[in-house]
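Chemist: Sequence:
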Amino acid sequence: MWCFFDESYHDGDNPVTTVAACLMRDDTVRGLDLVLYEARREHFGLAHARDLTLELKGSRLFSKNSFSQMEKFGNNRNLALAEQVLERCNEFQDEHPIWIFGAVVYGTVGVLNRLNSSRLEKPVADILDKVSVAATEADSDRRVDLVFDSQICGAEPDIAAAVRRFVAGVKLKNVSHYPLVGVSHVSPGIQFADICAFILRRRAMGATHFIPWVERIEKLEWSGTVNGFQRSGIRRWHQDDKGRLVVCHEWK
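Okay, so the sequence shown: first residue is 1 according to the numbering used here, each after it adds one.
One thing to keep in mind: the hints can contain errors.
Below, computed lysine-lysine pairings styled on DSBU-like, alpha-carbon distance capped at 30 Å [said to hold, decoys possible]: (1) K57 to K252; (2) K171 to K57; (3) K122 to K72; (4) K64 to K242; (5) K122 to K242; (6) K57 to K122.
Since the hints were derived computationally from the structure, they do not count as laboratory data.
Please model the complete structure; the sequences and the hints are all you need to start from.
Modeler: Have a look at this one:
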């Protein structure tokens with residue numbers, strides 16, 4: 001099995017970071033690739049769909065111009081493509097499921113790209129705990145390979161060290177100790193994680209017009225029991241007065 005990670009963050013007066021992780025089986029990766037290809041071909045043309053140097057990015061699909069055109073003309077191909085991708089993924093969820101996990105972290109910029117070799121940020125550790133449980137429920141005999149976006153500048157060695165220490169320390173037997181780095185242009189899983197991370201960030205920043213998009217993601221969100229507690233796939237965090245990351249239960 002594979003779990004693809006990506007991150008989206010905004011720096012400013014109210015910084016926020018979101019991490020999205022998408023867990024899927026091998027055959028689902030191929031199915032997702034076909035979904036993205038068909039959506040690109042339908043909305044951007046055959047040449048775009050075949051061009052492996054191009055990719056789908058949340059920041060482009062959900063740009064201000066996309067929403068402006070939708071409001072003015074009643075349609076926009078970027079938003080139509082994004083809606084098609086999410087709906088198609090939901091349609092084949094029974095046969096080829098994608099389980100979505102996420103962390104919304106208020107008050108900080110970057111979570112994945114400031115990991116160090118001695119510790120793992122709580123939101124990322126929380127995601128890995130749930131990914132391990134979800135993978136066991138889906139297929140107890142399969143190992144999960146973690147794949148991080150190569151565009152998380154300069155973070156790869158620190159991510160690998162921190163994740164390896166955590167996985168080994170808490171004995172997540174079905175999660176590989178050796179994280180991988182993927183190129184988003186040719187990785188449908190990373191592109192999908194990018195879209196999810198961007199949607200979560202814009203909602204976290206207070207953009208109410210992203211509520212319907214979050215609801216589409218929630219159709220794919222994992223939920224289950226971890227260490228005796230009912231857990232949802234997506235959690236929100238904020239920094240307390242001592243700088244510790246703690247769970248918060250509402251969007252800010």
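Chemist: Against each hint, give a clear statement of whether it holds in the structure.
Modeler: Now for the hints, and whether the structure bears them out:
1. K57 to K252: Distance ~25 Å between K57 and K252 Cα, so the pair holds.
2. K171 to K57: Answer violated: K171 to K57 is near 34 Å, above 30 Å.
3. K122 to K72: Given that 30 Å is the threshold and the Cα spacing comes to 43 Å, the pair is violated.
4. K64 to K242: Roughly 36 Å between the alpha carbons, so the hint for K64 and K242 is violated.
5. K122 to K242: holds (15 Å)
6. K57 to K122: The given pair, whose Cα atoms are some 26 Å apart, holds under the 30 Å limit.
Consistency with the previously given hints fails for numbers 2, 3 and 4, ordered from lowest to highest.
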